[in-house]
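Chains A and B are the protein sequences, given in the same order.
The numbers in our numbering rise by one with no breaks, and the one at position 74 of the first sequence is 74.
The numbers in our numbering rise by one with no breaks, and the one at position 62 of the second sequence is 62.
Be aware that one or more of the hints could be misleading.
Said to hold, decoys possible - Okay, the calculated bits of chain A under chain B, using three or more residues with CB under 8 Å as the criterion:
| no. | region |
| --- | --- |
| 1 | 38-45 |
| 2 | 48-62 |
To be verified - Sample of chain B residues facing chain A (criterion: CB under 7 Å; computed from the structure):
| no. | residue |
| --- | --- |
| 3 | P8 |
| 4 | C12 |
| 5 | G29 |
| 6 | Y32 |
| 7 | Q42 |
| 8 | G43 |
| 9 | S96 |
| 10 | K98 |
| 11 | L99 |
| 12 | F101 |
| 13 | G102 |
| 14 | K106 |
Said to hold, decoys possible - When the alpha-carbon atoms are kept at most 20 Å apart in a straight line, the in silico DMTMM-like pairs for lysine to aspartate or glutamate are as follows:
| no. | chain 1 | residue 1 | chain 2 | residue 2 |
| --- | --- | --- | --- | --- |
| 15 | B | K3 | A | D63 |
| 16 | B | K103 | A | E44 |
| 17 | B | K52 | B | D67 |
| 18 | A | K14 | A | D63 |
| 19 | A | K71 | A | E52 |
| 20 | B | K69 | B | E58 |
| 21 | B | K69 | B | E31 |
| 22 | B | K103 | A | E107 |
| 23 | A | K57 | B | E97 |
| 24 | A | K71 | A | D1 |
| 25 | B | K52 | B | E66 |
| 26 | B | K106 | A | D63 |
| 27 | B | K3 | B | D67 |
| 28 | B | K106 | B | E31 |
| 29 | A | K11 | A | E52 |
These are computed hints drawn from the structure, not numbers from a lab.
Keep in mind the model is a prediction, meaning the values are calculated, not measured.
All C-beta atoms, glycine included, are put in the ideal place defined by N, C-alpha and C.
Here are the chains, one letter per residue:
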Amino acid sequence: DTGVSQDPRHKITKRGQNVTFRCDPISEHNRLYWYRQTLGQGPEFLTYFQNEAQLEKSRLLSDRFSAERPKGSFSTLEIQRTEQGDSAMYLCASGVQVSGNTIYFGEGSWLTVV
Amino acid sequence: DAKTTQPPSMDCAEGRAANLPCNHSTISGNEYVYWYRQIHSQGPQYIIHGLKNNETNEMASLIITEDRKSSTLILPHATLRDTAVYYCIVRIQGGSEKLVFGKGTKLTVNP
C-alpha cells in the first residue's frame with residue numbers, strides 16, 4: 001500500500017454513460033498525476049496537477065475527459081459519454097515538488113465499457 | 001516518447017541475480033533514472049532511482065555507467081514474486097516532471 005487510494009477499483013458501464021473516478025493522494029503531496037493504461041502497454045500520461053491547478057494535459061485527454069482537484073487534495077477524473085475505447089486502467093500518482101522526489105502510484109481503477 | 005531502450009523480455013532462475021539493462025544515451029545531465037515495476041493488474045511500484053552514483057536499497061541495486069548512457073537494475077536474489085514488467089524511465093526535469101513509460105522488460109522468474 002503506497003498511500004495513494006483510488007475508487008472504485010473496478011467499474012463496468014454501458015457505452016454512453018458517464019463515469020467518475022476518485023483519487024486520494026498521500027496527504028502531504030502537492031503533485032498529482034493521472035495516467036491511462038491499456039492491455040500490453042505502459043501507462044500513458046493524461047494530466048498533472050500542482051496543488052489545485054491543472055498545469056499540463058496530454059492530447060490524449062479528449063473533450064469527454066475532465067479532471068479536477070478542487071482543494072488541492074483529492075482529485076476526480078470524469079469521462080462523459082463513454083466509448084468502448086475508453087476501457088482501460090486509470091492510474092493516479094502523487095509526489096512532492098522536490099527535484100528527484102519519488103512518484104507513488106495507486107492500484108488503479110479498471111474501466112470496462114460494454 | 002520514452003527516452004530509454006529495454007529488452008522486451010528476460011528470464012531468470014529463482015534465487016539467482018536478475019540483471020535488467022537499460023539504454024538512455026540521450027540523457028541530460030540533470031535527469032534522473034527511475035525504475036518501477038508492475039505486477040499484473042496492479043499499479044506501478046517504485047523500486048529505485050539515481051542520478052550518477054550507484055544506489056542500493058532493500059529491493060535492488062542500480063548501477064549507472066560513468067557516461068550515464070546506460071544502467072542496470074540488479075535484483076540480487078530473484079523470487080517468483082519478482083515476475084513483473086520492469087520500466088526504466090528517464091525523468092523529465094522541470095515542469096510536471098512526469099514519468100514517461102516505455103514498454104518495459106517482462107521479467108519471468110522460473111522455479
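- Message: Let me make sure I understand: some of the numbered hints might not hold for this structure. Which ones are they, in numerical order?
- Response: 3, 4, 5, 14, 15, 20, 24, 26, 28, 29
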